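Model the full structure from these sequences, guided by the hints.
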Amino acid sequence: MSKKIGDVILDLQNISLRFGGVKALTDISFNVKQHEIRAIIGPNGAGKSSMLNVINGVYHPQEGKIFWHGNERKKMEPHMAAQQNIARTFQNIALFKGMSVLDNIMTGRITKMKSNFIEHALWFGRAKNEELEHRKKVEEVIDFLEIQHIRKTPVGRLPYGLQKRVELGRALAAEPTMLLLDEPMAGMNVEEKQDMCRFILDVNDQFGTTIVLIEHDMGVVMDISDRVVVLDYGKKIGDGVPDVVKNSEEVIKAYLGAGH
Amino acid sequence: MPDQANFGSVDGLHTFPRLLFNHAKTRANAPAMREKHLGIWQTWSWADVGERVRALACGLSALGFKRGDNLAIIGDNRPHLYMMMTAAQCLGGVPVPLYQDAVASEMLFVLQDAGIRFVVVEDQEQVDKMLEVREQLPGLEHVIYDDPRGMRHYTQTFLHDIHELMEMGRIHDRNHPDFLNQEVEQGHFDDVSVMLYTSGTTGKPKGVCQTHGAFIAAAQGGVEVDHMAADGDILCYLPMAWVGDHLFSYAQALVAGFTINCPESGDTVMTDLREIGPTYYFAPPRVFESLLTSVMIRMEDAGAIKRKLFHYFMDVAKRCGAEILDGKPVSMGDRLNYALGNLIVYGPLRNVLGLSRVRVAYTAGAAIGPELFRFYRSMGINLKQFYGQTETCAYVCLQPDGAIKFDSVGQPAPGVEIKIADNGEVLVKGPMLLKEYYKRPEDTAESINADGYFMTGDAGFLDEDGHLKIIDRAKDVGKLSNGAMFAPNYIENKLKFFQHIKEVVCFGHQRDMVCAFVNIDVGAVGNWAERRGISYSGYADLAGKPEVLELIRECVEQINAGLIHDTMVADSQIHRFLVLHKELDPDDDELTRTRKVRRNFVAEKYKVLIDALYSGKANQFIETEVKFEDGRRGKVSADLKIIDAKTFPIVKKAA
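Here the protein sequences line up with chains A and B, keeping their order. This note's numbering numbers the first residue of the first sequence as 1 and each following residue consecutively. This note's numbering numbers the first residue of the second sequence as 1001 and each following residue consecutively.
No wet-lab data here; the hints were simulated from the structure. As the structure is a prediction and not an experimental result, all values here were calculated from the model. Glycine residues also receive a C-beta, built at the ideal position from the N, C-alpha and C atoms.
Below 20 Å or equal to it, Euclidean Cα-Cα: the simulated PhoX-like pairs (lysine-lysine) are:
(1) B:K1419 / B:K1469
(2) B:K1582 / B:K1596
(3) A:K65 / A:K33
(4) A:K152 / B:K1036
(5) A:K65 / A:K75
(6) B:K1036 / A:K136
(7) B:K1328 / B:K1405
(8) B:K1036 / A:K137
(9) B:K1641 / B:K1582
If the Cβ cut is set under 8 Å, some of the chain A residues that face chain B in the computed set are:
(10) K136
(11) E139
(12) D143
(13) Q148
(14) H149
(15) R151
Following this line, the structure appears as structure tokens:
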């Protein structure tokens, strides 16, 4: 089974990000190719989530350039990322706890909706047809993630692993070309991790979605990603296919400490 | 009402394909099947189903499926899989449904035994199982799958999408328009229509060959007794390989012409049940039990007023509900009280359970606790029992309306003759008997005696009204060392009615006392423990808690106290018991796929525990190997406490 990895779609050049005097990221460059699974790893505080937030437009780096499909990106806001078909999940689940799974995933379709607030409130004219269409897409996501049995359950009542899956569902509902996953497997048991891995691979395989993920579980990262970038104290210390990264001395040092 | 099968005439409706095409012609637009897909119920009319079956049958034929071939069917209840059954029958082939949750190695035996060349499976999971055992199945030629999801990278040429098969069939049908009609014409009521494998409580599974005639007769009898109509709905969610599902969801649906509804997935059955609101519902006792358990758990979490209301009206229902349903005389006050209860408790409860529209609900497969049975009937649900086995199309005894006895399985169904052998074994004769065991003439000869009676292997007796009462499996009924009868099932079923107890295995044959293994119901006991602030880390830990052991001891003693009134079984009081550290599981071969205890296997596997029970030890260490769902193996160990239960002096000894 071989998949086609395409051209570079996201290119980050010499990114530096500071919060006051704290240097979160220092002179980092790497790129993401179409259809690949790209992992960002590193010890706690290495700057992984900051990196994701830079890609997503939440943080604006003081230095460096970002190229999206070959065009340099100006300062942008998170909602613009959504319009450019970049979707994400969060390290701490950020769902609407009181809403049902269905409604939560439906919110992922908001950027695709054309009718306005009033039309939706009255469920009138094009709003009705539009909703039916979006609902169909959402149902496809529900089917894909095998969560039919909790369709109408409020998210707050679900176990953690399922909530994570719902969050992935909401991101998928936006039909992203690039998916940013911030620790999708944190706090899961082995079985839930296996499920999540399978879904990530399936998303990548079936929809051709490019995936950038942050993950602590080395086994998972090395198994599913095509290329890995390693950060430590805001600096890039490794970049390449899993086998190369695994054997890099600097990476081993950062992870296991200098003594080993 | 259904058309009567006319076995005499050539063009009569005496095979399932003929029944189907007749529905497709005469009731073209009536709904035949529904399936929930992407959150919406999709409906196929009888005409749609007829067209698809035609396409599938022609497609199968184009692939080389011939008269006399067996077609394995593996998957959850899906419309296409049911259609495949009829498609195979059109060509004079025999569908062989398999239990879909079995692992590949377990399926291998049946696939080899039935000489399978063609397999129809539901999805990728089952395709993978077929690929796993393909090496050992040189005869396997084609695998057809229903759900294309995840199948994009499978390039093997013997794998076919069911939609491609249909397309192939439609082309074939266009080129040979008379072909299929001729094939269907050749079908005879005495042809084998389906092969169902026995679950194999003892030894290897055996393929039971049933004819069109047998299943149609059984279906017609049931339809007659229960006045089933064509506007009914049934939810089919039980394994297709099980005789009950084949009778209800396939044979009766085709005979009576009602609609079958396939749930979205195994996890959504409860929701789908509420949405469909079937008129005709079938579930094994364990499903009714877990429904009741979940209702009770939720009631205990409800507010004080609701709880009081619930218990008050439950008492009313217990007093008079079943009598009202049977049309027996009940006082005016109780009637009014019951009507009020119906409005505010029973009605809403039936609705929550998805049983508002139910005309008849059935249970079988194992004995049902009388209290449980009474509970559902008193709520106004016409729950009945029937009795039968794979070899008799699950059709021997039915409980007719108005003549329900809680402890009997009913009267012989239309066309069935029953006789009790000298050793107490139930013998039956009728049109629904098996034709043979596949390729096992000696087993066939052994199971049917010289007078043409099938030997069921169950011990029972007919009471004064001609109702059959089943005591136990004939071979399980033993004797205690003092000569008293020991019917383990009888006692186990009594204990299993407690919501905290899931499974029990009793021992006592040729021993001086009865001892038992108990499995707790982790849902109910877990909830119970939570509300008492008892913390636990997992199943084994919970099962070993002294409070839990005390709880189970109370249950056992209650049963002991009840047993003394029944002279037949008074000696079978449970003296000592233990609570097992793991749940008995079909994956560990301790239960059959239909969740019956494999008594001998359990006795052998846990021999040290039995020895400890009878040697008077206070505790025993045990380590057991377990198989996880993903096929890995692991070990669980525990030091089990053995509890002495209070026994009661027998009130009156049999003369």
